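Number of protein chains: 2
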Amino acid sequence: MSAIEVIKTRRSIRSFNNKAIEDDVIEEILDMARVSPSGGNRQRWKFIYIKDSNILRMVKGCCPGFYGDAGGAIIAGLENEADTLKTRSNSTIGLLDIGFATENILLAAHALGLGGCAIASFNSSCISKIIDSPENFIPVLVISIGYPDIQPTMPPKKKLSDIVYINSWGKKWRRLENRE
Amino acid sequence: MSAIEVIKTRRSIRSFNNKAIEDDVIEEILDMARVSPSGGNRQRWKFIYIKDSNILRMVKGCCPGFYGDAGGAIIAGLENEADTLKTRSNSTIGLLDIGFATENILLAAHALGLGGCAIASFNSSCISKIIDSPENFIPVLVISIGYPDIQPTMPPKKKLSDIVYINSWGKKWRRLENRE
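Chains as they are written, first to last, in my numbering: chain A, 1 to 180; chain B, 1001 to 1180.
What the hints contain is simulated information worked out from the structure, not anything from laboratory work. Treat the hints with care, since some could be wrong.
[Claimed, not checked] In the DMTMM-like style, the derived pairs of lysine to aspartate or glutamate whose C-alpha atoms are separated by at most 20 Å in a straight line are:
1) A:K171 <-> B:D1132
2) B:K1172 <-> A:D132
3) B:K1051 <-> A:D162
4) B:K1060 <-> B:D1149
5) B:K1171 <-> A:D24
6) B:K1159 <-> A:E81
7) A:K51 <-> A:D132
8) B:K1051 <-> B:D1024
9) A:K51 <-> B:D1162
[As the list claims (entries may be wrong)] Rough simulated footprint, nothing fancy, chain B against chain A, three-plus residues with beta-carbon under 8 Å:
10) 22 to 35
11) 124 to 133
Since the model is a prediction, treat every value here as computed from it, not as a measurement. The beta-carbon is built from N, C-alpha and C at its ideal position, and this holds for glycine as well.
The shape of chain A in the complex, shown without the other chains:
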């Protein structure tokens, strides 16, 4: 599949079969997070790959938004510098960086026949406790990952002409209105 096809056919996967995730496959997927862009190339992210089935069960228990028996999960988060600990804020740039890396993970998974779902609905302190992470690590997303059971259909999406303006706010680009 071309990259464009991979982007177009990626779906959030919430139902998995019981095929185990091979180590070399998840390694390749995680490496796509590594090469993501990040603000000022700071790369202040960490990815905790949950492979152990008992720990995975505990992680699921902290995530109301985690559906399906995924073979594994990746906890993606930001490691703040010690001196910014007091703010504990997820900076705008840090969150964007996690977004870039997570999209790469989801696309790479799909390209390699797997799938997953980025989950923001979880209890952060519960996750921190399970993985025993320090205070300056902020879990941002839990990404379920595994081999899809079924390929869902595309959820309803806005039309391109409704989300794109040209040159200024509210100005529709006529050529987009002729699209499906």
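Based on these hints, arrange chain B on the given structure of chain A.
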């Protein structure tokens, strides 16, 4: 190129040649933002494509981080509901959504022979004024886009074994330490 190759070879482009961006090419790139995942499938994003060279010059003037004579730019931002206007906050999920969509834009651009750079360093009220956007629209990133003049080399990246832990914080995955 496969999706994996596109992810691996994407670079932030800050030097462009003067080839104009074809409308059908940018339309395809913008469509990859449309099909990105978003929290709860809310899709509360807008993308303003700056094609007009005078407006593009003004946008550049608000962006100290905008390098190179890009053929165009995309302003990616969040449209808040009117009733959340008072917070004007960039919610975590909204920022992650812009991250997902922006990575898709950058990958699609690269797959189609173009390139760009996600720029967070800009004067937000200056951008809002130029595009005449309402108060409830928050510009999050300016994405330069065009045909690359030169393909930069990969900037220094951390080793995979330094950013990935297995099952719990600080636990290195031995197999990753044997990588380059």
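We went through each hint and held it up to the structure:
no.	hint	in the structure
1	A:K171 <-> B:D1132	10 Å, holds
2	B:K1172 <-> A:D132	14 Å, holds
3	B:K1051 <-> A:D162	18 Å, holds
4	B:K1060 <-> B:D1149	18 Å, holds
5	B:K1171 <-> A:D24	18 Å, holds
6	B:K1159 <-> A:E81	19 Å, holds
7	A:K51 <-> A:D132	16 Å, holds
8	B:K1051 <-> B:D1024	13 Å, holds
9	A:K51 <-> B:D1162	18 Å, holds
10	22 to 35	holds (count 9)
11	124 to 133	holds (count 4)
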